Amino acid sequence: MKQNILLVEDEEDTSTLLKSVLEREGFSVIHARDGRQATTLVETIRPPTLVLLDLVLPYVSGSELMKVIRQHPGWQHIPIIVVSADSYEPDIQRALLGGATAYVMKQTGSKVLLEEVRRLLPASGRTTPAPALAGGNEAAKAPSKRRPAARHRPRGSHKKDQAA
Amino acid sequence: MDQAQATPKAAAGEKETVLVDASFEPLMPQFLTNRKRDVVTMRETLAQQDFETVQKVAHGMKGAGGSYGFDRITELAAGIEQAARAGDVSTIARDLSTLDSYLNRVKVVYE
Numbered sequence: 003m004k005q006n007i008l009l010v011e012d013e014e015d016t017s018t019l020l021k022s023v024l025e026r027e028g029f030s031v032i033h034a035r036d037g038r039q040a041t042t043l044v045e046t047i048r049p050p051t052l053v054l055l056d057l058v059l060p061y062v063s064g065s066e067l068m069k070v071i072r073q074h075p076g077w078q079h080i081p082i083i084v085v086s087a088d089s090y091e092p093d094i095q096r097a098l099l100g101g102a103t104a105y106v107m108k109q110t111g112s113k114v115l116l117e118e119v120r121r122l123l124p125a126s127g128r129t130t131p132a133p134a135l136a137g138g139n140e141a142a143k144a145p146s147k148r149r150p151a152a153r154h155r156p157r158g159s160h161k162k163d164q165a166a
Numbered sequence: 278m279d280q281a282q283a284t285p286k287a288a289a290g291e292k293e294t295v296l297v298d299a300s301f302e303p304l305m306p307q308f309l310t311n312r313k314r315d316v317v318t319m320r321e322t323l324a325q326q327d328f329e330t331v332q333k334v335a336h337g338m339k340g341a342g343g344s345y346g347f348d349r350i351t352e353l354a355a356g357i358e359q360a361a362r363a364g365d366v367s368t369i370a371r372d373l374s375t376l377d378s379y380l381n382r383v384k385v386v387y388e
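As they're listed, the protein sequences go chains Z and G.
Every position in the first sequence, counted from 1, becomes a number in my numbering once 2 is added.
Every position in the second sequence, counted from 1, becomes a number in my numbering once 277 is added.
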């Protein structure tokens, strides 16, 4: 039986890409386009194997949604990977302390995300893996020179996009 | 494997090349069309001083650029997002122009 992943992402092209990558890897993907739709799903569907969550969402933010998930019986131990374009260290720490199991930056590409999904899935259904806070940022996958989806020349950088 | 190398920025009018996994080819036309649409939306909303919408669109673009491996899009969108937060019209206008030019010059090569 396929493992279900709930993808909460409002940006159309990003959700299309992630859905395509995950389905190609054999996962079944349920997509919520905003926080309100995701909240409804939490109340109405069987818990998925894993949640991929953007933080900046219409109506209900990713942070608020994490609270809902963590307080909901049946969902509270589901691994949550925050997939965000933001790499500001305090935001990452806030997400990990707020219920995220891991934090992956969109700039790292789909291969890093898939590695994280595979790392977490064996533990699902038993316990929620503890947020990896060792080293301050271990769970946050910083942008690297490895570009699984694409290689880009020239490579730009933005101060705020550099992980501490 | 994939090593993105920092090279001097392409001069205006020169093509900039982005290497993309061939499996993403079907998604690419829509991705680029939507980014051009985003630029139009941000220009229109900037003209109305609607910084909140500019910030929102730029944030989405920053994430989409990152997901697809277009670092330059992410870089410029992040700058626009930050400038929109500060209400900095001239920076937004300048970066939108750079972004528009980039989107018209970028060449996608599938591998």
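Among the hints, erroneous ones may be present.
What the hints assert, rightly or not - Partial selection, computed: residues in chain G whose CB lies under 8 Å from chain Z: (1) Pro306; (2) Gln307; (3) Phe308; (4) Gly340; (5) Asn381.
It should be emphasised that the hints constitute simulated quantities derived from the structure, not laboratory data.
Just so we're clear, the structure is a prediction, and the values are computed from it rather than from any experiment.
Just so it is clear, CB atoms sit at the ideal spot from N, CA and C, and this is done for glycine as well.
Looking back at the numbered hints, which does the structure fail to meet, lowest number first? 1 and 5
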